[in-house]
Each structure stands twice: as C-alpha cells, then as structure tokens.
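**Q** For the sequence shown, counting from 1, position 31 maps to 30 in numbering that gives the first Met the number 0; every step adds exactly one.
For the record, the hints were derived by calculation from the structure and aren't laboratory data.
Careful, some of the hints might be misleading.
Lysine to aspartate or glutamate pairs mimicking EDC-like chemistry, simulated, CA-CA at most 20 Å apart [to be verified]:
(1) LYS82 - ASP69
(2) LYS167 - ASP81
(3) LYS167 - GLU154
(4) LYS113 - ASP69
(5) LYS71 - ASP81
Here are the computed distance ranges between Cβ atoms for each label pair [to be verified]:
(6) ASP67 - THR114: 16 to 22 Å
(7) LEU102 - MET74: 25 to 31 Å
(8) LYS167 - PRO108: 16 to 22 Å
(9) GLY77 - ARG166: 19 to 25 Å
(10) ASN125 - LEU70: 18 to 24 Å
Idealized CB from N, CA, C, for every residue including glycine.
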Amino acid sequence: MLGPLKSLFWPAASAQQADKPALENLASQSRRPKLQDVKAEDYATPEKYLEGAEIPTFYQFQSNMVADEDLKPGMVSGLEVDKRLTLPTRTHIRFLVTGQDVLHSFSIPSLGLKTDATPGRINRINTFIQREGVFYGQCSELCGTLHGFMPIVVEAVSPETYAAHARKWYKE
Numbered sequence: 000m001l002g003p004l005k006s007l008f009w010p011a012a013s014a015q016q017a018d019k020p021a022l023e024n025l026a027s028q029s030r031r032p033k034l035q036d037v038k039a040e041d042y043a044t045p046e047k048y049l050e051g052a053e054i055p056t057f058y059q060f061q062s063n064m065v066a067d068e069d070l071k072p073g074m075v076s077g078l079e080v081d082k083r084l085t086l087p088t089r090t091h092i093r094f095l096v097t098g099q100d101v102l103h104s105f106s107i108p109s110l111g112l113k114t115d116a117t118p119g120r121i122n123r124i125n126t127f128i129q130r131e132g133v134f135y136g137q138c139s140e141l142c143g144t145l146h147g148f149m150p151i152v153v154e155a156v157s158p159e160t161y162a163a164h165a166r167k168w169y170k171e
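Construct all of the structure, not just a fragment, from the sequences and the given hints.
**A** Listed below in structure tokens is the structure:
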C-alpha cells in the first residue's frame, strides 16, 4: 500500500517505475475500466413502441403561457402553458438545453431538474420519471423584459400512451 503512495510523493525513490506516470500505478491492472465509443444509434427503440410511427431522436417546439382570461377551471394561474411537453415514464430521458437570445435557467423542481440555457453552449441533463403526473417549473433567471414568467409544464404518461401521442404528433 505504501509503495504507490511513496512513488507518488517521492518519484526519485522509485526509479524502477520511471517509465510509467505515478498516478497510473495507484490502481491495479485488473480493475481498469473498459472504454467503448457509444452512439445514440446503438440504443434501438423497442419495436412495440414504434409500430409504423416515425419517431425522431429530438423534439423541438414552442410553448407559451396561458393568459389569465383564457384559464379554464383546474388550470394553475401563471404556470399553465398552451402546449405541454409530454414524456414517457420509466424511460431514461436526456435533455440538451441551449439558449437562443439570453441566459435562461430550465428548472422543474419536482423532478429535480435545473440547468442553465446559455447561448452558444449545450448543457446536458438526464432524468428518469418514475410516476405519471403533471410537473410544473419555470425559467428561474430574470433574463429580460417579459422573460420573468416562462413556465414549463411536463406531462408524464405511460410509454404506451406516449407512443400513441408521438404517432399522432409526428403525423401533423
């Protein structure tokens, strides 16, 4: 145990291992991680969710806050939007977040999500939604005039319901 530490702090004392950097000697050779190049195409979507639907690998749309005079009973004032983001439950989801104009902050506290949307930079955040429901969030930056109220609404549904929704959505 003291050998690797000795070679880390006193490299001259361990001249027999001079051909390797001192940090490489700390882990045993049998415990080295196996590295692979992995692409999104390597993870196939199960056929039972496709059944003729053309589901792209990304999804972009604009959602606007519902004005107070257009609210219906049961809608949350200041947090309701005209188009909800529908996501499947029990599925690993990756968000790639960026900004077009100024700094924003994509935040859905009930899902434990918060990341900055910076123009010219892509931030990645992952989630796994375990239960169905409606989750509310907001942009948590004061990013400019009329930017103080940018609600985000995520509707989590079962994978089967999501597949039917995606089939309908992408036909339009």
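**Q** Does each hint fit the structure? Answer for all of them.
**A** Each hint, compared with the structure:
In summary, the hint linking LYS82 to ASP69 is supported, as the alpha carbons are separated by about 14 Å, within the 20 Å threshold. Between LYS167 and ASP81 the alpha-carbon distance is near 17 Å, which keeps this suggested pair within the 20 Å criterion. For the proposed pair LYS167 and GLU154, the alpha carbon gap of about 16 Å is at most 20 Å, so the pair holds. Only pairs whose Cα atoms come within 20 Å are accepted, and LYS113 paired with ASP69 is rejected, the gap being roughly 29 Å.
At roughly 12 Å between alpha-carbon atoms, LYS71 and ASP81 fall within 20 Å of each other, so this suggested pair holds. A beta carbon spacing of about 29 Å between ASP67 and THR114 contradicts the range 16 to 22 Å that was offered as a hint. Remark: the range hint 25 to 31 Å for LEU102 to MET74 is upheld by a beta-carbon distance near 29 Å. Checking the proposed 16 to 22 Å range against LYS167 and PRO108 shows it is violated: the Cβ atoms sit about 30 Å from each other.
Our hint of 19 to 25 Å for GLY77 and ARG166 is violated, since their Cβ atoms are close to 32 Å apart. For the pair ASN125 and LEU70, the beta carbons lie near 33 Å from each other, so the given range of 18 to 24 Å is not met.
Against the hints set out earlier in the document, violations occur for numbers 4, 6, 8, 9, 10.
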